[in-house]
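**Q** Chains A and B supply the protein sequences, listed in that same order.
Numbered by this note's numbering, the letters in the first sequence go through residues 1 to 671 in order.
Numbered by this note's numbering, the letters in the second sequence go through residues 1 to 316 in order.
Calculated from the structure, these hints are not laboratory results.
The reader is advised that the hints may include incorrect statements.
[Stated by the list, open to error] So, partial list: chain B residues that the calculated Cβ filter (under 8 Å) puts toward chain A: (1) K54; (2) E55; (3) W78; (4) V79; (5) F93; (6) T96; (7) A104; (8) L105; (9) V120; (10) V133; (11) S137; (12) L145; (13) F148; (14) R220; (15) L310; (16) V312.
Cβ coordinates follow ideal geometry from the N, Cα and C atoms, glycine included.
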Amino acid sequence: MNSTVALLLCGPAAFLASAIMAAAASRLAAATRLVYGATLAISAVLLVTAASHLAGNLGEASATLPLGLPWTGARFRLDGLSAFFLVVVNFGGTITSLYGLGYGRHESQPHRVLPFYPAFLAGMNLVVLANDAFSFLLSWEFMSLASWALVMAHHRDEANRRAGYIYLVMASFGTMALLLAFGLLAGPAGTYAFDAMRTAHPDRFAAGAVLVLMLLGAGSKAGLVPLHAWLPLAHPAAPSHVSALMSGIMTKVAIYGFIRVVFDLLGEPAWWSGVAVLLIGGVTAVLGILHALMEKDLKRLLAYSTIENIGVIFASLGLALAFKANAMPSAAALAFTAALFHVLNHSFFKSLLFFGAGAVLSATGERDMEKLGGLIHRLPVTSFVFLIGCVSISALPPFNGFASEWLVFQAILRSPELPQWGLKVIVPAVGGMLALSAALAAACFVKTFGITFLGRARSAAVERAHEVDRWSLAAMAVLAAFCLLAGILPGFVIDSLSTVTLPLVGERMPVQMAQPWLSIVPIAESRSSYNGLLVLVFITVSASLAAFFIHRFASHALRRGIAWGCGFPDAVPAAQYTAVSFAQPIRRVFGGFAFRSRETVDMPAPGALEPARLKVEMHDVAWEVFYQPITGAIDFATERLNHLQFLTIRRYLTLVFLYLVILLLVLALWP
Amino acid sequence: MISQLAVQGAQMLVVLLLAPLLIGFVRKVKARLVRRQGPSVIQPYRDLVRLMRKEVVLADNASWLFRVTPYLIFAATWVAAALVPTFATGLEFSWTADLIVIVALLGSARFFQALAGMDVGTSFGGIGASREVMIASLAEPAMLLIVFSLALVAGATQLSTVAAFMGSPEVGLRVSLGMSLIALVMVAIAENARIPVDNPATHLELTMVHEAMILEYSGRHLAMIELATFLKLLLYMSLIACVFLPWGLYGASAGPKALAVGAAAYLCKLAVLAIVLAVFETAVAKMRVFRVPDFLGAALMLALLGTLLLFVSRSL
Numbered sequence: 001m002n003s004t005v006a007l008l009l010c011g012p013a014a015f016l017a018s019a020i021m022a023a024a025a026s027r028l029a030a031a032t033r034l035v036y037g038a039t040l041a042i043s044a045v046l047l048v049t050a051a052s053h054l055a056g057n058l059g060e061a062s063a064t065l066p067l068g069l070p071w072t073g074a075r076f077r078l079d080g081l082s083a084f085f086l087v088v089v090n091f092g093g094t095i096t097s098l099y100g101l102g103y104g105r106h107e108s109q110p111h112r113v114l115p116f117y118p119a120f121l122a123g124m125n126l127v128v129l130a131n132d133a134f135s136f137l138l139s140w141e142f143m144s145l146a147s148w149a150l151v152m153a154h155h156r157d158e159a160n161r162r163a164g165y166i167y168l169v170m171a172s173f174g175t176m177a178l179l180l181a182f183g184l185l186a187g188p189a190g191t192y193a194f195d196a197m198r199t200a201h202p203d204r205f206a207a208g209a210v211l212v213l214m215l216l217g218a219g220s221k222a223g224l225v226p227l228h229a230w231l232p233l234a235h236p237a238a239p240s241h242v243s244a245l246m247s248g249i250m251t252k253v254a255i256y257g258f259i260r261v262v263f264d265l266l267g268e269p270a271w272w273s274g275v276a277v278l279l280i281g282g283v284t285a286v287l288g289i290l291h292a293l294m295e296k297d298l299k300r301l302l303a304y305s306t307i308e309n310i311g312v313i314f315a316s317l318g319l320a321l322a323f324k325a326n327a328m329p330s331a332a333a334l335a336f337t338a339a340l341f342h343v344l345n346h347s348f349f350k351s352l353l354f355f356g357a358g359a360v361l362s363a364t365g366e367r368d369m370e371k372l373g374g375l376i377h378r379l380p381v382t383s384f385v386f387l388i389g390c391v392s393i394s395a396l397p398p399f400n401g402f403a404s405e406w407l408v409f410q411a412i413l414r415s416p417e418l419p420q421w422g423l424k425v426i427v428p429a430v431g432g433m434l435a436l437s438a439a440l441a442a443a444c445f446v447k448t449f450g451i452t453f454l455g456r457a458r459s460a461a462v463e464r465a466h467e468v469d470r471w472s473l474a475a476m477a478v479l480a481a482f483c484l485l486a487g488i489l490p491g492f493v494i495d496s497l498s499t500v501t502l503p504l505v506g507e508r509m510p511v512q513m514a515q516p517w518l519s520i521v522p523i524a525e526s527r528s529s530y531n532g533l534l535v536l537v538f539i540t541v542s543a544s545l546a547a548f549f550i551h552r553f554a555s556h557a558l559r560r561g562i563a564w565g566c567g568f569p570d571a572v573p574a575a576q577y578t579a580v581s582f583a584q585p586i587r588r589v590f591g592g593f594a595f596r597s598r599e600t601v602d603m604p605a606p607g608a609l610e611p612a613r614l615k616v617e618m619h620d621v622a623w624e625v626f627y628q629p630i631t632g633a634i635d636f637a638t639e640r641l642n643h644l645q646f647l648t649i650r651r652y653l654t655l656v657f658l659y660l661v662i663l664l665l666v667l668a669l670w671p
Numbered sequence: 001m002i003s004q005l006a007v008q009g010a011q012m013l014v015v016l017l018l019a020p021l022l023i024g025f026v027r028k029v030k031a032r033l034v035r036r037q038g039p040s041v042i043q044p045y046r047d048l049v050r051l052m053r054k055e056v057v058l059a060d061n062a063s064w065l066f067r068v069t070p071y072l073i074f075a076a077t078w079v080a081a082a083l084v085p086t087f088a089t090g091l092e093f094s095w096t097a098d099l100i101v102i103v104a105l106l107g108s109a110r111f112f113q114a115l116a117g118m119d120v121g122t123s124f125g126g127i128g129a130s131r132e133v134m135i136a137s138l139a140e141p142a143m144l145l146i147v148f149s150l151a152l153v154a155g156a157t158q159l160s161t162v163a164a165f166m167g168s169p170e171v172g173l174r175v176s177l178g179m180s181l182i183a184l185v186m187v188a189i190a191e192n193a194r195i196p197v198d199n200p201a202t203h204l205e206l207t208m209v210h211e212a213m214i215l216e217y218s219g220r221h222l223a224m225i226e227l228a229t230f231l232k233l234l235l236y237m238s239l240i241a242c243v244f245l246p247w248g249l250y251g252a253s254a255g256p257k258a259l260a261v262g263a264a265a266y267l268c269k270l271a272v273l274a275i276v277l278a279v280f281e282t283a284v285a286k287m288r289v290f291r292v293p294d295f296l297g298a299a300l301m302l303a304l305l306g307t308l309l310l311f312v313s314r315s316l
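Could you build the full structure based on these sequences and the hints that come with them?
**A** Okay, structure coming up:
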């Protein structure tokens, strides 16, 4: 057994041990510190191990443990792809544990969080390492159940119970789809090991079915539209650091599952699979961010924005599939690298933003943005790092979100060389959707930061707020620094990803760190290049020049006064723009087709004293078209089947007899 | 190397010095068109100097973000404007950023401007910011699709390469480029808050977008923001000039004589575009805010159609 894999497998075992310890000791005062300290240490070790494996380009290593099914054992394997995702998972684990050291102390019921938190980390690590369908599904279910327990941590809240129920249903649905997909991949021989699946090539029909099942299974976990409806309910229901893990990291594990099956196990893709994934990705990106724009609950807004980013990643993966199917490996490497880079970036800034939301929550007790405002005065450090998160997620240079979106756009510009008409029509449309979602994301995070942190305080809770503890601030500061670093040194990330892309799409992007001045050049310098570092330097230099000039030559006089309000001083803070009113112009533009929104104005007659009312009606189309009929059907079926519980023994015997007869008939008639 | 750096530095100074003059010229032409005398073309310089000398009146609850934003907006816009070829292509640092980055830099400036609008917590700031992001959410994708079209025609997103290609005889007449030009003009009008999307001269609070966002600014801060606005107009005009009027544009290493020709050609192009803008603004009326999505939606569709045509056939 390889020592690296052994070490990486010790990690989940250690996580499980700390979970048991946490369950035993969760009522102790020191338990919070103990558990998060332990997970911090374990994730850090795993992070270093996986990162050195990825950076050192150490190839593959595998191990088989005598666990699980008796005739197969549990297989585990470490290659470039799993090493990269282990880095993502364990970086998230490390930084979340650091945050948890401070944030966890505010938890009113630590015994409902502490035992499940390490178990959740263990599950995610095992999914990424698993090398046969059985251990993959087992770890996947373990991960889902542990996160479900965390969602239910505050189960006295009715809304959280509902979120937990829907999450459980969707998680089982996803696992069922994955089970069927692996069943198809295993073929009649029932080879559950991934190594055997990789060499067996399923026929076209089976491959198509596997792709659809993976989109259902992994896509429901990642939050693809229309399977997304559970995500904005469940992710915010958990404690904030767990929301960060679920949104920033667990969705990435789902993407890992998709990549592992579709790019690795399934063999050569068909071109139309690219069309399907591209289209779903583009629609997911636009609808996700539009929903986020309409939201006024800070954590739900962040969850919806996760859906948008997942859409961007899937669109990029779809592009990679299309290029791979058409034997254009260098373009496929570009699109695939862009997707993985965005996976990393999203794990940075989404964790940062959820931590910030958690800080706001612990400082004010509010998640509703319309009761916040003016926090930049009360939480100076939190607001600064949150601002960096907002800039990064809005894909603005020189931060990291822009670097990966730039790569996606460069990949789109390679696509006219694709031969199929379907792709030729779809790719520019999806490019337009991604551009639209990037612009809407900027609008959304102007709203988020502006309503929450700027303006005047909308409630007394804000005026009592104090800056959060040092552990939380340290965790957020580290993430903000990584957002900037990945933005100004994208070449380093791209080069580290070469070990992942090479085996999966058969090519890597050109070496970037050798470029002069650390710029990134995906194809050729005359074609396109970007240098985040120099952009940062230029902006800093010109801003300092301007500041120096002003300081030297302009007036220094400054006077504080009341804001100009057209002669109406001291309007109440409630009269400021709110989250809903800020989004109103965008709702008017896009709401008609995205939400079937309707506005009705109730204007009293002239002279009447009752207030005028504006009513806005919005619908989640996916919820009404997909979820409600399905839940309705399930409810109907359970209602009918419920009668079967109250039959007499004679009726039960009759049923069993009838069933036997039918089975025998089927066997007799089977060709 | 040194001379290349000098050319790059000259370009940065040129855009900075020329931007107020361009605005002054547009205002003068507009005034003459309605038979007014109008202020002198150097009035914008005088305004800037005057603003610099005045004290800043800051709202009581303005935060540090409000005070930093003018410098950030100015820096991002200046860097973007300096990266667009004006009188010469292939400048020393042109590989730092391609067209997508330039669009995104302007996006960064807008992001901070909208935030600053919301900082004080008045309704004007909110209305301006919320309308600005609505306009941007349509203008930015349209702009990116225009970039896609140009990139597909020229085979590059690098602006110097695009300009060089557009100057070469292999361009020919293309439908997609015509669509891109119309879309680009529409986006430029919206991005620069010109009539019919927004009125740069309005002081009726409910009709303004850009002016509402910066209502709380005064003194040196306002000067920075005004200068950034001037630079942005110059940037879009330079962009249209270098892509669609690429005559007289030489590489940066072509020697002083060629550069002089380039500079003269650049000034002529700016003058022509400024006169066109002034005539257009005088001839049309401002539209309602909620007609703007239709206007920009048309730009978006044109740009998308142009890109689609290029996907269908590289020669269209």
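**Q** Run every hint past the structure and note whether it holds.
**A** For each hint, the structure was consulted:
1. Among the interface hints, the one on B:K54 holds; its C-beta lies about 6 Å from the nearest C-beta in chain A, closer than the 8 Å criterion.
2. With 8 Å as the threshold, the beta carbon of B:E55 comes within range of chain A, its nearest partner Cβ sitting at about 3 Å, so the hint holds.
3. Proximity of B:W78 to chain A holds as hinted, the smallest CB-CB distance being about 5 Å (cut-off 8 Å).
4. A distance limit of 8 Å between C-beta atoms decides the matter here; for B:V79 the minimum to chain A is near 5 Å, and the interface restraint holds.
5. At a threshold of 8 Å, the smallest CB-CB gap from B:F93 to chain A is about 7 Å, leaving the interface hint in force.
6. Because the beta carbon of B:T96 sits about 5 Å from the nearest beta carbon in chain A, less than 8 Å, this interface hint is met.
7. Because the beta carbon of B:A104 sits about 5 Å from the nearest beta carbon in chain A, less than 8 Å, this interface hint is met.
8. Taking 8 Å as the C-beta cut-off, the interface hint given for B:L105 holds, the closest approach to chain A being about 6 Å.
9. For B:V120, the interface hint holds, the least distance from its beta-carbon to any beta-carbon of chain A being 5 Å, beneath 8 Å.
10. At about 4 Å, the closest approach between the beta carbon of B:V133 and any beta carbon in chain A falls short of 8 Å, and the interface hint on this residue holds.
11. Interface restraint check: B:S137 against chain A, minimum CB-CB distance 5 Å, threshold 8 Å, status holds.
12. Hint status for B:L145 relative to chain A: holds, with the closest Cβ pair at about 6 Å, below 8 Å.
13. Taking 8 Å as the C-beta cut-off, the interface hint given for B:F148 holds, the closest approach to chain A being about 6 Å.
14. The criterion of a C-beta within 8 Å of any C-beta in chain A is met by B:R220, whose closest approach is roughly 4 Å, and the hint holds.
15. This hint holds: B:L310 has a C-beta 7 Å from the nearest C-beta of chain A, less than the 8 Å allowed.
16. Annotation: B:V312 was flagged as interfacial toward chain A, and the flag holds, the nearest CB pair being 6 Å apart, inside 8 Å.
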